[in-house]
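Engineer: Letter by letter, the chains look like this.
Number of protein chains: 10
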Amino acid sequence: MADASLLETFENPDTSGYVIEHTTEEFTSLCPKTGHPDFAAIILRYGPDQSCVELKSLKLYYHSYRNDGIFYEAVTNKIRDDLVKLMSPKWLELITKWRGRGGLHSRIIATHGEVPK
Amino acid sequence: MADASLLETFENPDTSGYVIEHTTEEFTSLCPKTGHPDFAAIILRYGPDQSCVELKSLKLYYHSYRNDGIFYEAVTNKIRDDLVKLMSPKWLELITKWRGRGGLHSRIIATHGEVPK
Amino acid sequence: MADASLLETFENPDTSGYVIEHTTEEFTSLCPKTGHPDFAAIILRYGPDQSCVELKSLKLYYHSYRNDGIFYEAVTNKIRDDLVKLMSPKWLELITKWRGRGGLHSRIIATHGEVPK
Amino acid sequence: MADASLLETFENPDTSGYVIEHTTEEFTSLCPKTGHPDFAAIILRYGPDQSCVELKSLKLYYHSYRNDGIFYEAVTNKIRDDLVKLMSPKWLELITKWRGRGGLHSRIIATHGEVPK
Amino acid sequence: MADASLLETFENPDTSGYVIEHTTEEFTSLCPKTGHPDFAAIILRYGPDQSCVELKSLKLYYHSYRNDGIFYEAVTNKIRDDLVKLMSPKWLELITKWRGRGGLHSRIIATHGEVPK
Amino acid sequence: MADASLLETFENPDTSGYVIEHTTEEFTSLCPKTGHPDFAAIILRYGPDQSCVELKSLKLYYHSYRNDGIFYEAVTNKIRDDLVKLMSPKWLELITKWRGRGGLHSRIIATHGEVPK
Amino acid sequence: MADASLLETFENPDTSGYVIEHTTEEFTSLCPKTGHPDFAAIILRYGPDQSCVELKSLKLYYHSYRNDGIFYEAVTNKIRDDLVKLMSPKWLELITKWRGRGGLHSRIIATHGEVPK
Amino acid sequence: MADASLLETFENPDTSGYVIEHTTEEFTSLCPKTGHPDFAAIILRYGPDQSCVELKSLKLYYHSYRNDGIFYEAVTNKIRDDLVKLMSPKWLELITKWRGRGGLHSRIIATHGEVPK
Amino acid sequence: MADASLLETFENPDTSGYVIEHTTEEFTSLCPKTGHPDFAAIILRYGPDQSCVELKSLKLYYHSYRNDGIFYEAVTNKIRDDLVKLMSPKWLELITKWRGRGGLHSRIIATHGEVPK
Amino acid sequence: MADASLLETFENPDTSGYVIEHTTEEFTSLCPKTGHPDFAAIILRYGPDQSCVELKSLKLYYHSYRNDGIFYEAVTNKIRDDLVKLMSPKWLELITKWRGRGGLHSRIIATHGEVPK
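Residue numbers (our numbering), protein chains in the order written: chain A, 71 to 187; chain B, 71 to 187; chain C, 71 to 187; chain D, 71 to 187; chain E, 71 to 187; chain F, 71 to 187; chain G, 71 to 187; chain H, 71 to 187; chain I, 71 to 187; chain J, 71 to 187.
Calculated from the structure, these hints are not laboratory results. Take the hints with a grain of salt, since some may be wrong.
Chain E stretches covered by chain A per the calculated footprint, using a threshold of three residues with CB under 8 angstroms from any CB of chain A [claimed, not checked]:
no., stretch
1, 95-108
2, 150-156
Derived EDC-like pairs: lysine to aspartate or glutamate, alpha-carbon spacing no greater than 16 angstroms straight-line [unchecked claim]:
no., chain 1, residue 1, chain 2, residue 2
3, E, K167, A, D84
4, A, K155, B, E124
5, C, K155, E, D84
6, H, K167, H, E81
7, E, K103, G, E81
8, I, K103, F, E163
9, G, K167, H, E96
10, G, K103, I, D73
11, G, K148, I, E81
12, D, K148, C, E95
13, F, K155, D, D84
14, E, K103, G, E78
15, I, K103, F, E91
16, I, K167, F, E91
17, H, K148, A, D84
18, E, K148, G, E78
Built from N, CA and C at the ideal position, the CB exists for glycine as well.
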């Protein structure tokens, strides 16, 4: 089950302002209505403040959605919220791109703070 | 027959402002003059307010146009209007791209509110 | 309903042996289990003997599947059989390529006689 | 009206055996059923014997189909026959590729003699 | 758990010999050593004899591997064996393409009978 | 005026059998009927025997066609013949590719001896 | 130091004959003359007999070359030999592709047994 | 071990303002948590002031990270800091692009001063 | 001056038969007629017997042509001959691809023994 | 010889302000120092005022440079000047792109008036 306690941080080695981007093409959860699997790519971009999310813990956190029935919109906002709460970044952008289901494919974009171009 | 009552919503899980995009390449309706089938891709983008359109209901709603004789322009504006009435989104953009007929292919763009770039 | 009587022929203007190829990317029928629409491209290639299929009648014949619930495999073989019965061509190849449904996309290949490379 | 008398030849400057290929993407004729314009590319390849088709006359000959209502299959075979009659080449291949009409696009291949790979 | 009893067939509508190909890019199982998720595309091609695998049942069968810890090689051979046992096809080819893990990405190819080019 | 006496050779430094290929995209001559300029690319491939064509002399030889009114077919065969006479190569292939004129573009292929793949 | 004892096998789940392919683009060793790092992609293909190489152990085995000074040719043959000794496969092909050094880039291909196309 | 003393400079031959860019696709270090190798491309862009980094010394400096266990974020900021301290450039941008690990691939962007577009 | 004595070998670590390929895109020599620089890519492929050419020595050997005035054909055959004499390989193929001069660009292919596909 | 009297105009059918662009890839003249042929593409863009250049006359005007020995820069400025004198356009841009000679290829840009982006 989706578990934000899996997320770990390490101290930001540099607070002068820089950009971090982590991308996966291997996210999967379940449709809350049909129970069928959904597949997505996730692009995370943020400007770190005091801490950074540790990469392996991020991977395990993403894996924890594997058997959850949850809407695209809810996944996207929950991940955004969990990461903002964890790190209090200067800004953060989370994009989920969902492979098609029933001929429809979707993209959800959630942000926190002022996202630079 | 095109049936807006097929559309369902769920409560927006997050009202902090984000973007939803649903795309299909499998829309079909009939030409009102010749009865011949028309084929289109539809790109829907919107900023949700209190509610979001449920994905499976959107698919069935699109399917309900299958045997309707209706102009490109009418399809595009009716879908825009049905979705705006359903969800009262902050903004919404609907683009239909029609495969060629008689050597002409068309694109129709309808919007509601202030669409961000 | 799929209707082979829509197909018309015209006399082959030349019997010295040549190749005809007609392609559409706008075929649609229904899934016999769920009633949901299926979308396909169809590639027809044949070597005509005494007669050729008339292009507009072929289009209308393809359209007649629009509201039929029928398996991919059955569509492919039925079209192959209807066209072979209509024209008795020297050889014929029919390929259907189906857009994805539930994450699976399919291709069916049916032939008649000796298909040249 | 299609007029084979427009075609001119010049004496083949070399009879040791070589290959000539002329391609146009600017052929147009009319549909014999609807009167609507059809557009095609034409690829002509041949092995000359005593004579070669003169290029400007070929262009004018192609232009002479502009207002003829004629089937794809008939166009292809007629051009092939006119050129074979004109030049008696060792071999000849004529391919017409037709832009879509009603969602169908076609390719017709007619040959004379043994066409090399 | 991987469950071959999910697979259903329907009677082959035509036994004159044709080719069926089903592709998914949404297969996932678990690594038997680490428990981490694996992701694969699967290409299935076969020549049907008396029966064909039903598409929705194939999708559910693929989904049943979701929480199984199983090697790439074992997945590939098991799917091949289950489908051969189900349908007794004239021939069958199953290819799995696995997204990278630890910097290595893999492809496994299993066949049954004489696979045509 | 096209002048084969411009061509020079040097002694083949190695007779064990190898392949030479020279390509230009800057050939120009005149149309013998209209006087308008024609533009071509020329690909020359050959297996040298006792001598090789010197590169600068080949360039000047090609330039000597600049103001000649001459058919595509005649150019191609004359260059082939001049080079064969000059070098007596084991084999030779000459391909001319002509830019479009009046919407037609052409390719002429002339060979000498057994051309390897 | 390169250490074949890191390699582990598991029992081949199916001996009816199939193909396994593992690719990495993250191999690095050192030049034995200058000590500078070399980088390569490695493509391993084989037909398993009684056993298969376990994927994680293969990764660790590749990593064990990290600080070895060793020629391209020796790396390639040693990996081939270690894997053949480990698994006694029906056949095996190992290709290493080395990024450039001093403007030269290289590819080494080593095989065992009869490699299928 | 990462060693900034390896870096050397030479006097900037021109102080009127220009841009220097050095790219490598052959950076490797170790994961500080697992000890497994990480692979990255590094893009360095800067506007030189009084001095420029010497190219061979930059290569050796990058090589000195080979056996260090260090986070992506720390690598990126340390290289940026070492180069800024070395050269005091007008501006500098350092981008690291990391090959995937556990299905995640990352990009880190660190800057100094006002980076032009 | 081109100097075959720069070439060094090392003992072939494996005589079971494999393939080595070295490519450079940085070869330059002078035109023997005009003194202008020529630029080429060189692809060397061979099957080693008792010895292999050492990579750094190959680079220096290629560099030694820098100020030599020499024909394309002579370069190609001399390199082939020097390498065959040095290593007595089972087979060898040398391809030189020359950038354009005076609008002509060339490719020369020299071989030794039976070159596999 | 380059002959501006070949240029003809027709009356501009619309003076509300629009853009005309004519491109050729078949321009050739001679190098004034060596007599060797030069090849260029020419892009002409202008905003017409009272008159427009007639297309066939422009082609013949370009052809009239065929045997002139003239520098790239002189060609470009002369064509610009001839066309400005002929038409007095609101603005005009003439770009010549020359195929390589001796490894250099060139582009010359001449303008008249205020050229829009």
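Engineer: Which of the stated hints cannot be reconciled with the structure, identified by number in ascending sequence?
Structural biologist: As far as the earlier hints go, 2, 3, 4, 6, 8, 10, 12, 15 and 18 are violated by this structure, in ascending order.
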